[in-house]
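So the protein sequences, as listed, match chains A and B. Take any residue in the first sequence, note its place counting from 1, add 393, and you have its number in this note's numbering. Take any residue in the second sequence, note its place counting from 1, add 16, and you have its number in this note's numbering.
A hint or two may mislead.
Here are some, though not all, of the chain B residues that point toward chain A, as calculated from beta-carbon distances under 7 Å [to be verified]:
1) A101
2) A105
3) A135
4) G138
5) T200
In case anyone wonders, no lab produced these hints; they're calculated from the structure. Idealized CB from N, CA, C, for every residue including glycine.
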Amino acid sequence: MLALLLGLPALRLRAEYLAISTIAAGEILRLFYRSSWAEPVTGGVFGLQRFATAFYQANPIPRDTYGFWLVQFNSRDLWALAVAWAVVLVLCGVIAVLVRSPWGRVLRSIREDEDAVRSLGKSVYSYKLQSLVLGGAIGAMGGMMLAISTQSVNPDSYDPVVTFFLYTLLVLGGAGRVLGPVIGSILFWAVLTVVDSALRQAITAGHIPESVLTAPEVGAARFALVGLGLMLLMIFRPQGLLGSRREMLLDAR
Amino acid sequence: MPADLSAVLAEPGAAKPDPLLVIDGLRRSFGGLIAVDVGHLEIQRGVITALIGPNGAGKSTLFNVISGFEKPTEGHWSFAGKPIAGLAAHRIARGGLVRTFQLTRTLGRMTVLDNMRLAAPGQRGERLPLALLPPLWLAGERAITARADELLERFRLSHLRDEYAGTLSGGQRKLLEMARALLTDPVMVLLDEPMSGVNPALAESLLEHLSDLRDEGMTVCFVEHDMDVVMGVSDWVVCMADGEVVAEGPPATVAQNPSVIDAYLGARRGAPPAREIDEE
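Isolated chain B (complex conformation) (with noise of 0.2 Å):
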């Protein structure tokens, strides 16, 4: 069951009974554009939060920065308590918090298999001396690829488990980036944009899987900028414009609150005029 956020106030930086990811003072600035300066955010455990904002609002790169990919200006982050600013991706990725990415990064001449397999932790095989052994890790592969199957079963692409990744589409990309981070066990899935580019339908059960994740007990954190999208699944939606967390709080709060509309709309205007040209 996703925890209770009913009793966190509705307001930037607000605390959560049990977060997962703490970010404090984080500052990325491009020369004079600062594109994310967020004083203080927590992401909390076991929830699906949206991370909303109109194009160029700094989502992706704060997704980046937290993972890992781009140095921050300052400022500090911590993963279920321990301080992870300054680590290397790849030892964030394997302390449990694993990334997509916007444009999606398979690997184009290798089966969706092995893009599969290629993701599991901690395989013997992968060590150099133990790699001309194959005995030591045969054994090793074949519950790899057991676990493989299971999880494109589940995102539908077992049909395509022996082709190669740069045939597929690119909904079918997405799917098999996100069923790929999941087969590195993590706590917590940043997946960066992962409804852009994918037909309705897809998309739709791409959210129930995120559902599903969440009710088995993972932490999900998603970047989209289509709110209608975010309304449906999300337990806790966090608005950014500018680089700064203008808004966040329980999805339907956060669609009424006059900054996220400004932040859509254009600071400095009236009331939203696409509402009232719908109420007619």
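Chain A with its partners taken away, still in its complex shape (with noise of 0.2 Å):
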């Protein structure tokens, strides 16, 4: 709905420029959702907690922990977990399909030539209109099953770094590709995870020093080293981790 709203005035603007605009229109409605006058509906800049109850209550799956060596997951995660998986493997599944149809050809048309397009009698405009409206109902998706997750909303989680941390997910797992985005996030969540608890435990045990990196540090300390890998990525593997080197050489026209 939103990406409709959206879309029919920003899709007339160039790419670059289209970018732009949402990330602004993102922030507008952060500071909208925010503002005292709004609290009523969407709790200010507390946000909204406690209100998946139901699908907590849904959970088929018996209250134990269950996992394996360090991995651990309570009942309530585990169903989270399941559900978000699922809606992850159906939404492959369309894409994929949608990706092989006409559809997609016509997407891809767009993406290498938007004049060529038009001349052959498509509408560059409503393909345009119509795939992201499609990304923002799933990007919103994977929004919902986020809240689902932790039982809360606030409008400040969805701050606009959280639009570059997509960004480099998608480049991580290789543009274009269906599965990109899926081993792009699960790549990007686990080299956070990882190089976080290796930092910290590094630290306690004294092999880094304090005048180094403090344990507080740690946090922003993380993110660079992943700008790093994301830098030796585009050096060494352009196409991301799933996609075509042939395909991204021929780009000059």
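Make one complex out of these two single chains by using the hints.
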């Protein structure tokens, strides 16, 4: 819905400006949700909590902890996880079909050359709008799953930085691949978590002196390391983990 | 058989027996520069019309405006009796007036076959809910593929079917773009310099394709600034200079027309010097 409203005017813009205007719209909404005027509905800066009780009451998994070795889940997390992954699988299936359909072909052609597509009698604007709305809907589902798993939504947990995390994991997985974002997000999360705990343990064990890095700084340092990793990826595997290098090298027309 | 144009007067704005595209009072200016200023122009159905003129004469701009890729400053034009001024480019293309570009616009990171299949009109699988159900569009897709293969065969591109279009040579891209335009089932094609950058042997076969299309009933209009190329293939020639139509007529007549010679050699000159040197 929101994507449709935003898309109608914004898609008249060129690619770069479209990206900027969507980020701007996100910020406008975030500030709007935070405002005291909207507080009865959005809960203002505190956001909403404990709204997904019905979701957890439907949990068929018996109360217990599951998992192995370091990875442990309680039944609530496992239920949220299962539903989220089911959604991911279904959406991947849907996208895979779409990408191979004539609809996906038009979309890829628009990526290549809008004017060529126009000259063949296809409405570029309408396809862009469709894909933006579809992307918005998928993003909304992701947001819903995230909100359900933590039982709280707060406008500030969707700040512009999140947008750039999403870009990062797209690039990481390989743009233009159905499973790219999935692999990218798993890897992004894993790297963040592993680096985080590795650094913390190293500090506790005294391998890293206090003068170099202290425990509270770890949060920032891990992003620096992810950034470094991304740069290395761009240099040695610019197509992402799943992308096709041949397709990328054909960029020049 | 091409329509008979022998009764048509060889003067700018001449009325044709069966005009498909009619342009009236079309102007396109960039600031103070008037790029196109065409008072009246009719393009006959079922023949090959060549649009010639020196660089900067406004030929490509005229094409861009007619096909909806650029907005005119003023003026209107109609195609097959329907006014199409102000329509979006894709609507004009859907109406049967399909163009190609001077700088080819092949889709580099897609295969030659996909470039072709994209062009087919009215595909069910291009609509969003239907795209999700392959059984609804797989039959149509097979028919489209068969047609695409047929056209690729005709333009001798079959061996490149599964290559990325970005790996094709300039001339092959011209052919691909033309074949792609034909897959849309056009009534009339506007070809912007189909012969530029194409080697002579390939250009020869391109010209044959143009005549074949005409013989099948298609209306062809192409831009070209090389006079020699134009003479053999076209039924009617329109010459532009400084945005205006300065002459039109059968190829032989236009070649002798003093304003055409002026346009090519620069106005306010005496007899064409190149010709005199040749005769000695």
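Taking the hints in turn, this is what the structure says about them:
Contact between A101 of chain B and chain A, as hinted, is not supported at the beta carbon level, the nearest pair being about 17 Å apart and thus beyond 7 Å. Interface hint status for A105 of chain B: upheld, as the beta-carbon distance to the closest one in chain A is roughly 4 Å, under 7 Å. Residue-level restraint check for A135 of chain B holds (minimum Cβ-Cβ distance to chain A is 5 Å; threshold 7 Å). Given hint, G138 of chain B at the interface with chain A, is violated; its Cβ is 9 Å from that chain's nearest Cβ, farther than 7 Å.
For the restraint placing T200 of chain B at the interface with chain A, the shortest Cβ-Cβ distance is roughly 6 Å, inside the 7 Å limit, so the hint holds.
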